[in-house]
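Participant: Now for the letters of each chain:
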Amino acid sequence: MSDSHPRPRPRPSPPGCPLGAPALALLAALALAACGGRDEIWDRVRDVRGPLALAGHLAWVDAALEELVTVEARARDGGGFDFLVVRQPVGRRPVLLAASADRTRALVVTHGTTGGAGYEAEEERLYRLDPTGREAPAVYELRSPFDALALSTDGRWAVASFASDDAVNPNELAVVRLDQPPAPDTNPRLVPVRTYGSRPLAVHFLEDLTIGDRDRQIALIFSARYVTLIDLEHLDRRMTTVFLSARASTDAVVPAALAVAPGDATDPDGATPYVFLRAPGIADVFALALKDNPDAAEDQNDFGPTVNEIPVPAPPDDFAVFDGPEGALLLAVHGRTPGVTAIDPRTTAAWDVRLDAAATRVQIFPDVPTREGRRQLALLWSPGAGQTRAGFLVLDDVQTRLRRNLETIDLGAPVQQVLPTGDPNRVLLVHDAFSGRLSILDVADRTVEPLGVWVGAGALATHPEGRAFFFATPGRDAISELRLDTGHAEELRLDAAPAGLYALPGRPVGSTLRGRALLVDHGWSSGYLTALPLDAPDRAGARSIQGFLAEGFLDTDADRHPAEEVP
Amino acid sequence: MRRRLLVAALVLASAPAARATDVRLGADMAWVQDSSFDAFWTNDLFSRFDVCLAYTTFASVPFRLDAELGYGYAGYLGATAAFAAIESELSVHDAYVGLRASIDPPGLSWLRPYVRVQGGATFGLASFRDASADDAPAYEDWSVGGLVYGGGGVELVLPLGVFLDEPPAPLSEPMAFGIFLEGGYFYRSALSFHPAIPAPEDEDEAADRIPVAGFSAGDVVLSGGELRIGFVARL
Numbered sequence: 018m019s020d021s022h023p024r025p026r027p028r029p030s031p032p033g034c035p036l037g038a039p040a041l042a043l044l045a046a047l048a049l050a051a052c053g054g055r056d057e058i059w060d061r062v063r064d065v066r067g068p069l070a071l072a073g074h075l076a077w078v079d080a081a082l083e084e085l086v087t088v089e090a091r092a093r094d095g096g097g098f099d100f101l102v103v104r105q106p107v108g109r110r111p112v113l114l115a116a117s118a119d120r121t122r123a124l125v126v127t128h129g130t131t132g133g134a135g136y137e138a139e140e141e142r143l144y145r146l147d148p149t150g151r152e153a154p155a156v157y158e159l160r161s162p163f164d165a166l167a168l169s170t171d172g173r174w175a176v177a178s179f180a181s182d183d184a185v186n187p188n189e190l191a192v193v194r195l196d197q198p199p200a201p202d203t204n205p206r207l208v209p210v211r212t213y214g215s216r217p218l219a220v221h222f223l224e225d226l227t228i229g230d231r232d233r234q235i236a237l238i239f240s241a242r243y244v245t246l247i248d249l250e251h252l253d254r255r256m257t258t259v260f261l262s263a264r265a266s267t268d269a270v271v272p273a274a275l276a277v278a279p280g281d282a283t284d285p286d287g288a289t290p291y292v293f294l295r296a297p298g299i300a301d302v303f304a305l306a307l308k309d310n311p312d313a314a315e316d317q318n319d320f321g322p323t324v325n326e327i328p329v330p331a332p333p334d335d336f337a338v339f340d341g342p343e344g345a346l347l348l349a350v351h352g353r354t355p356g357v358t359a360i361d362p363r364t365t366a367a368w369d370v371r372l373d374a375a376a377t378r379v380q381i382f383p384d385v386p387t388r389e390g391r392r393q394l395a396l397l398w399s400p401g402a403g404q405t406r407a408g409f410l411v412l413d414d415v416q417t418r419l420r421r422n423l424e425t426i427d428l429g430a431p432v433q434q435v436l437p438t439g440d441p442n443r444v445l446l447v448h449d450a451f452s453g454r455l456s457i458l459d460v461a462d463r464t465v466e467p468l469g470v471w472v473g474a475g476a477l478a479t480h481p482e483g484r485a486f487f488f489a490t491p492g493r494d495a496i497s498e499l500r501l502d503t504g505h506a507e508e509l510r511l512d513a514a515p516a517g518l519y520a521l522p523g524r525p526v527g528s529t530l531r532g533r534a535l536l537v538d539h540g541w542s543s544g545y546l547t548a549l550p551l552d553a554p555d556r557a558g559a560r561s562i563q564g565f566l567a568e569g570f571l572d573t574d575a576d577r578h579p580a581e582e583v584p
Numbered sequence: 006m007r008r009r010l011l012v013a014a015l016v017l018a019s020a021p022a023a024r025a026t027d028v029r030l031g032a033d034m035a036w037v038q039d040s041s042f043d044a045f046w047t048n049d050l051f052s053r054f055d056v057c058l059a060y061t062t063f064a065s066v067p068f069r070l071d072a073e074l075g076y077g078y079a080g081y082l083g084a085t086a087a088f089a090a091i092e093s094e095l096s097v098h099d100a101y102v103g104l105r106a107s108i109d110p111p112g113l114s115w116l117r118p119y120v121r122v123q124g125g126a127t128f129g130l131a132s133f134r135d136a137s138a139d140d141a142p143a144y145e146d147w148s149v150g151g152l153v154y155g156g157g158g159v160e161l162v163l164p165l166g167v168f169l170d171e172p173p174a175p176l177s178e179p180m181a182f183g184i185f186l187e188g189g190y191f192y193r194s195a196l197s198f199h200p201a202i203p204a205p206e207d208e209d210e211a212a213d214r215i216p217v218a219g220f221s222a223g224d225v226v227l228s229g230g231e232l233r234i235g236f237v238a239r240l
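If you're matching them up, the sequences are chains A and B in order.
Residue numbering for the first sequence follows our numbering, beginning at 18 and increasing consecutively.
Residue numbering for the second sequence follows our numbering, beginning at 6 and increasing consecutively.
Chain A extracted, bound-state conformation (with noise of 0.2 Å):
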């Protein structure tokens, strides 16, 4: 080779240019810029509450989104079914799920955000949703963090508690009519129940009972100690405490549960109801009479209630009404004697009649044809393992024949729920859990027809129309359903296990019943449903949805959630 020689071209500079180093400065930069990029809401932890059986829909509450999830399964014309799902947002930081009384509305409480963080603040709130998604939602300002909601049966009151020991004022409610649009200050009206030295521990409705010749809506909050009327109509008005225990007094009378005994319409003086109350470790019955006050001045009460403590053998376990010759009486069943007590409120009289069986469960069925005729009777029983028997006791007149009318039968294995069926005197045992056994029971008859079916700790539904029950083994990919009116059970084969049950009776939309089916939830935390007809389940009809609850997860708004809320 020789230097004569010309060169193609010139020579380069050498590989390690000097853009080498502003390249990896520019990597390096990039790379950083890229990492931590990750919005929040990816990290959060999953917070699914549900289902809850609506009408014609199952919901979820996904409280990481926010948002409301109702999925209904739509018959097709020519069988099977088509899925709706359906993702509504709530307000900030969901706490409660809960269905209207008619079950075509969920409810949500949400406990907003005192903002910062990215968020604008937010009161706690009540929305009531229609599960279509087609109506706006109603939207309850409640503005104090209520974690309990109690509904009345006819649907058109919501009491907001308290049932944690958190609370800055536990005393406090917010009283809803949900059958009235939101008005500030208005509706939800905020009340402070006047304190004891307790809190609201339950609240329970007297919707619609008559006082006098009125028909009174009536909140019933449970203290220990004592009780609190509070008159949901007037709500200015003084609301009305009534003890349970001397103030001084060191016994803790803590109400458990109650019964109502409506008053005689007929009655010259007005009707005067009575509601009964029960608690644990006393041994009494508290009778509250709810007399007409028409006199009573302009802010207070225009009922009074009055006292009677009536002392039963032992605490009532349960108790119930049933109907005697002069008005309602009540049935208390106290396990520890074992006995029962009727007890007639309007004389405090009380007739003891001693079981051969102990019972902490009643349950009355107020027609049932015997050789006498029509009866009152009532199921005496007791859950859990040991006790195998029950009794029997006709109530009507049962303060003459006392033991008599008691009638005890074994029932063959011990018992853990009385279910009842589409026939006002057959009940369905649910045995002990370990053998999962059921069987129906004829309360006319006093016979015990043991099934096939065993469901152990596997999922139940009954038919809206009392006409089948619906039972799911854990682990097995089928269920079984037992067809009351011809006794015959069916085991049907599915694709997974079931963990849950819902017979859904429908929505009704014109003259059809929209959403009506028996969903089987397969317990998946993406979503896992099928889809059975409630009428007449087969494979064939079948349908099912899988990952409705991960549903458009791609698309999350990330802006919707810039960062943890600020409680």
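Just to be clear, a hint being listed does not mean it is correct.
[As the list claims (entries may be wrong)] Stretches of chain A that chain B covers, calculated by requiring three or more beta carbons in the stretch to come under 8 Å of a beta carbon on chain B:
| # | region |
| --- | --- |
| 1 | 55-64 |
| 2 | 330-340 |
| 3 | 536-544 |
[What the hints assert, rightly or not] Pair ranges (Cβ atoms, derived):
| # | chain 1 | residue 1 | chain 2 | residue 2 | range |
| --- | --- | --- | --- | --- | --- |
| 4 | A | 575 | B | 128 | 23 to 29 Å |
| 5 | A | 525 | B | 47 | 47 to 53 Å |
| 6 | B | 128 | A | 508 | 43 to 49 Å |
| 7 | A | 575 | B | 32 | 26 to 32 Å |
| 8 | A | 64 | B | 124 | 40 to 46 Å |
Calculated from the structure, these hints are not laboratory results.
What you are looking at is a predicted structure, and each value in this text was computed from that prediction instead of being measured.
No residue lacks a Cβ here, since even glycine has one placed at the ideal position from N, Cα and C.
For this one, chain A is given, so just place chain B on it according to the hints.
Facilitator: This is chain B only, laid out in the frame that chain A set:
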């Protein structure tokens, strides 16, 4: 003077330049800021492997126009969406054609600035696994979208001829090796996924299954500013 310059320019423009075939292996890093990408990765850096063949379709000193054909792949993307308890995985395949215009600055044969545009299709294959159910199979779906890329950069090459006083013809210009560095913007149309659990392979078993409706997972957007670095071999 003007006349001389004009003549010189015409001579340069008409002068034949060597045609070349390039092979490029690149590592591409896009900064994807769309939130949907967070479902598949824990930061905004979308890295990709890319191989590209280019052939000179027009060359006139100092300009050159190359036609490109390439393939890009990203197959390691996976993350958990905690709020949905979904473990997501995504692999992306890009196929594209492009044009690259470059210039060979006189006296700087080791440096070649260029701009390029590319267009093609993106194929995304996603799987979503329910984190709560151990035995649950994954939901799967694929989606196809379009892609457009535009950017510019420089090649830093070492022409093999520089090592030899008189290179033999096979090693003469344009054979060279080097690296490239470029920046640009990568637009991909959204990939939409409607995943479902695959039916069993056995036909009888598949026919026996209860018909299942899947769900719409939504769209993933993989557009963003991109930095590319890699090796180039010019033959």
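Participant: Run every hint past the structure and note whether it holds.
Facilitator: Here is how each hint holds up against the structure:
1. 55-64: holds (count 9)
2. 330-340: violated (count 0)
3. 536-544: With 5 residues in contact (Cβ-Cβ under 8 Å with chain B), the coverage given for the region 536-544 of chain A holds.
4. A:575 - B:128: 23 to 29 Å: holds, 26 Å
5. A:525 - B:47: 47 to 53 Å: holds, 49 Å
6. B:128 - A:508: 43 to 49 Å: holds, 45 Å
7. A:575 - B:32: 26 to 32 Å: Distance hint for residue 575 of chain A, residue 32 of chain B holds at roughly 28 Å.
8. A:64 - B:124: 40 to 46 Å: holds, 44 Å
The earlier numbered hint that this structure contradicts is number 2, and it is the only one.
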